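Asks: Those sequence lines, one after another, are chains S and D.
Using the working numbering, the first residue of the first sequence is number 44, and each one after it goes up by one.
Using the working numbering, the first residue of the second sequence is number 174, and each one after it goes up by one.
A few of these clues could be false.
With the Cβ distance kept under 7 Å, some of the chain D side facing chain S (calculated, not the full set) [what the hints assert, rightly or not]:
(1) N317
(2) E318
(3) A321
(4) D350
When the alpha-carbon atoms are kept at most 27 Å apart in a straight line, the in silico DSS-like pairs for lysine-lysine are as follows [said to hold, decoys possible]:
(5) D/K279 to D/K290
(6) S/K112 to D/K252
(7) D/K294 to S/K190
(8) D/K387 to S/K318
(9) S/K112 to D/K243
(10) D/K234 to S/K112
(11) D/K266 to D/K205
(12) S/K112 to D/K199
(13) S/K112 to D/K205
(14) S/K112 to D/K266
(15) D/K234 to D/K252
(16) D/K320 to D/K387
(17) S/K112 to D/K365
(18) D/K323 to S/K190
(19) S/K190 to D/K320
(20) D/K302 to D/K279
(21) S/K190 to D/K261
(22) S/K318 to D/K365
(23) S/K112 to D/K261
(24) S/K190 to D/K266
Treat the hints as calculated values from the structure; they're not laboratory data.
Fair warning: this is a prediction, and the values are worked out from it, not measured in the lab.
Virtual Cβ for every residue (Gly too), placed ideally from N, Cα, C.
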Amino acid sequence: MDRFSLERLHAGTVIAVMSVSLLSACVQQAPPELVQSVEVLDRQLVAAHSAEFAPAEYARFVQRWAALKERLRSDGDLVGWPWEDNPFETDLRALHEEGSRVLALAIDTRNAERRGAATHVARLERRFRRLTSGVDRIGSRVVLGEKRVETELLVKQARSFMEQGRFVQAQRVARQADQRMTNQAAQLNSELSRYADKAQVDHWRAMVRRTVDWSRQHQAAALVVVKAMRRMTLYRNGKAIASYPVRLGFNGVQEKRYEDDGATPEGTYRVIRMKDRGQTEFYRALLLDYPNAEDQRRFQAARRTGAVPSRSRIGGNIEIHGEADRGLSQTLGCVMIGDRQMDALFLAVGVGTPVTIVGAVNADNQVAVVLAQLEQGDDDTNEDDADPSDEQATTDGTVVEQG
Amino acid sequence: MKLIMTTLLIPALCLAVGCGQAPNDKLSEAEKAVMNAKLAGAQAYVAEDYAKLEGMLNNAKTELADQNGKFALFRDYGKTEQLLAAVKAEAPKLIEETAKKKAATKDAALSAHQAAKDAVKAAQALVAKAPVGKDRAAVEAIRNEAKALKASLNEVQMAMDMEDYLTAQAKAKAVQDKSLALSSEVRGALAKVGGAGTGKSGSQAQGAKSPKKKK
Numbered sequence: 044m045d046r047f048s049l050e051r052l053h054a055g056t057v058i059a060v061m062s063v064s065l066l067s068a069c070v071q072q073a074p075p076e077l078v079q080s081v082e083v084l085d086r087q088l089v090a091a092h093s094a095e096f097a098p099a100e101y102a103r104f105v106q107r108w109a110a111l112k113e114r115l116r117s118d119g120d121l122v123g124w125p126w127e128d129n130p131f132e133t134d135l136r137a138l139h140e141e142g143s144r145v146l147a148l149a150i151d152t153r154n155a156e157r158r159g160a161a162t163h164v165a166r167l168e169r170r171f172r173r174l175t176s177g178v179d180r181i182g183s184r185v186v187l188g189e190k191r192v193e194t195e196l197l198v199k200q201a202r203s204f205m206e207q208g209r210f211v212q213a214q215r216v217a218r219q220a221d222q223r224m225t226n227q228a229a230q231l232n233s234e235l236s237r238y239a240d241k242a243q244v245d246h247w248r249a250m251v252r253r254t255v256d257w258s259r260q261h262q263a264a265a266l267v268v269v270k271a272m273r274r275m276t277l278y279r280n281g282k283a284i285a286s287y288p289v290r291l292g293f294n295g296v297q298e299k300r301y302e303d304d305g306a307t308p309e310g311t312y313r314v315i316r317m318k319d320r321g322q323t324e325f326y327r328a329l330l331l332d333y334p335n336a337e338d339q340r341r342f343q344a345a346r347r348t349g350a351v352p353s354r355s356r357i358g359g360n361i362e363i364h365g366e367a368d369r370g371l372s373q374t375l376g377c378v379m380i381g382d383r384q385m386d387a388l389f390l391a392v393g394v395g396t397p398v399t400i401v402g403a404v405n406a407d408n409q410v411a412v413v414l415a416q417l418e419q420g421d422d423d424t425n426e427d428d429a430d431p432s433d434e435q436a437t438t439d440g441t442v443v444e445q446g
Numbered sequence: 174m175k176l177i178m179t180t181l182l183i184p185a186l187c188l189a190v191g192c193g194q195a196p197n198d199k200l201s202e203a204e205k206a207v208m209n210a211k212l213a214g215a216q217a218y219v220a221e222d223y224a225k226l227e228g229m230l231n232n233a234k235t236e237l238a239d240q241n242g243k244f245a246l247f248r249d250y251g252k253t254e255q256l257l258a259a260v261k262a263e264a265p266k267l268i269e270e271t272a273k274k275k276a277a278t279k280d281a282a283l284s285a286h287q288a289a290k291d292a293v294k295a296a297q298a299l300v301a302k303a304p305v306g307k308d309r310a311a312v313e314a315i316r317n318e319a320k321a322l323k324a325s326l327n328e329v330q331m332a333m334d335m336e337d338y339l340t341a342q343a344k345a346k347a348v349q350d351k352s353l354a355l356s357s358e359v360r361g362a363l364a365k366v367g368g369a370g371t372g373k374s375g376s377q378a379q380g381a382k383s384p385k386k387k388k
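All chains, full assembly: derive it from the sequences and hints.
Replies: Quick look at the structure:
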């Protein structure tokens, strides 16, 4: 082979080798570690419930990821100049950045939703506890009837949704429960507004004053029951000499309207019979003359207007009796005290002793205060709201021996 | 020569136009598949996977739109058809996954519902044992609450009927908790008046000497 041919062969070989090298260097593939990192990010986005907390951003990400995966599948190997960027790498990095932003957004949004729902549910539970304790304090559980249970179920449901991580649902149910409690507070206010009515409270106070005056004028015993205070005071010669805690009907805070409604009547009565041991199931009892003429008149008027069921009866057998020691929390409408206190009462009163039962004698009575608190529904108020201070006072403000 | 060229050109043109036919029927099928997945509950039960399916469909639509925007001879719907085929293949898998998750949630809800029913029944049985005489005041206040619990079971059933199993489960748990609390309260009240065994007959025997009390 001559020199010229050798030179040509050598050049051709060099060119061939260079071409192959150049081609090899320009085949661009998707970096596998970058593909894997985007796949890991995708899984993190799923775990963060991104479709729920960043729906639009997540939708854009998944669309771009699907398109890129399709390109990787169909255009797996690209050829480009060595100084050019690898488009797969560029796009994967951009997608990873976008995905990271979406992940941060989803986490932030989820945390914000969680905090919001947690705060709302906690406030709801506090409000419900306040409603429940207020209702129990004033003995108005029967007034709300089934509604309190329905609200309690919603409160529990809100908590369940919170624990399941369903924050939107938790907030929705919490709002329903909030609205119900607002309605129930309004209902209580409507049914028990008498306790917050100045004219009514003045009327009750006047009734008590007349009874105390009678006791003074006749130098005799008289009894006054104040339902809001759950207290009965024994007067003699116009002076309060003893005060006893009492338990009332299961619907005692209400005004008695008909038989079996569980309410304790209000009015001026007299003891018409004293039942000693063996004559009553309640240790000892003082039978009152309920219903009196005023009760009859009121009942007939209520029946005419349909305020009470047409087939209802007025009821009777309202007593002051013992057996509070058994731990029974309420009666069917009577006034209940302890057996030892009944013993003391039996010595102090007799047939004909006046017994005045009123709702309250102070404007800031327990029922009025609780109603105001419930209507306010302020979630920043202290849960241990102070009770009104009238529980230890007598009806006319004097200090008495505790029975 | 002219004849040969014409003979070759016409089929080539037809082929070009044929390759340019938009796969609208395949698009409809893919959209229907995604809708079926949504109706099966995929958006609620496997939200992220459903979002991916929608993303695939949107990509296919974007590709279709891109091809439609080209001159007819240059259109190639091959990739579009592949994307649509992928959507159609993925949707049934999603439906199957949804069914599994739904079944698991349904089982949990059914179990909670039954537990709630049992608890309400027990509470009502205790209230029914409450005395009717002088001591009935002990449970009178909570009698209405027991009724409310029974009514709440209907709401649980409604949620089950709507296949909202997570809501049904939450409601059922709430009903069960309250029923148990109510039963405990009734038992406490009955214990004070002489035990759950007193019942109606006990009160009547006790009150045999005196007629029913007005109150």
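Asks: With reference to the structure, classify each hint as holding or not holding.
Replies: Each hint tested on the structure:
no. : hint             : result
1   : N317             : holds (4 Å)
2   : E318             : holds (5 Å)
3   : A321             : holds (3 Å)
4   : D350             : holds (6 Å)
5   : D/K279 to D/K290 : holds (16 Å)
6   : S/K112 to D/K252 : holds (13 Å)
7   : D/K294 to S/K190 : holds (20 Å)
8   : D/K387 to S/K318 : holds (16 Å)
9   : S/K112 to D/K243 : holds (24 Å)
10  : D/K234 to S/K112 : holds (16 Å)
11  : D/K266 to D/K205 : holds (15 Å)
12  : S/K112 to D/K199 : holds (21 Å)
13  : S/K112 to D/K205 : holds (23 Å)
14  : S/K112 to D/K266 : holds (19 Å)
15  : D/K234 to D/K252 : holds (11 Å)
16  : D/K320 to D/K387 : holds (25 Å)
17  : S/K112 to D/K365 : violated (73 Å)
18  : D/K323 to S/K190 : holds (13 Å)
19  : S/K190 to D/K320 : holds (11 Å)
20  : D/K302 to D/K279 : violated (35 Å)
21  : S/K190 to D/K261 : violated (50 Å)
22  : S/K318 to D/K365 : holds (24 Å)
23  : S/K112 to D/K261 : holds (17 Å)
24  : S/K190 to D/K266 : violated (46 Å)
In terms of the numbered hints stated before, the structure departs from hints 17, 20, 21, 24, listed from lowest to highest.
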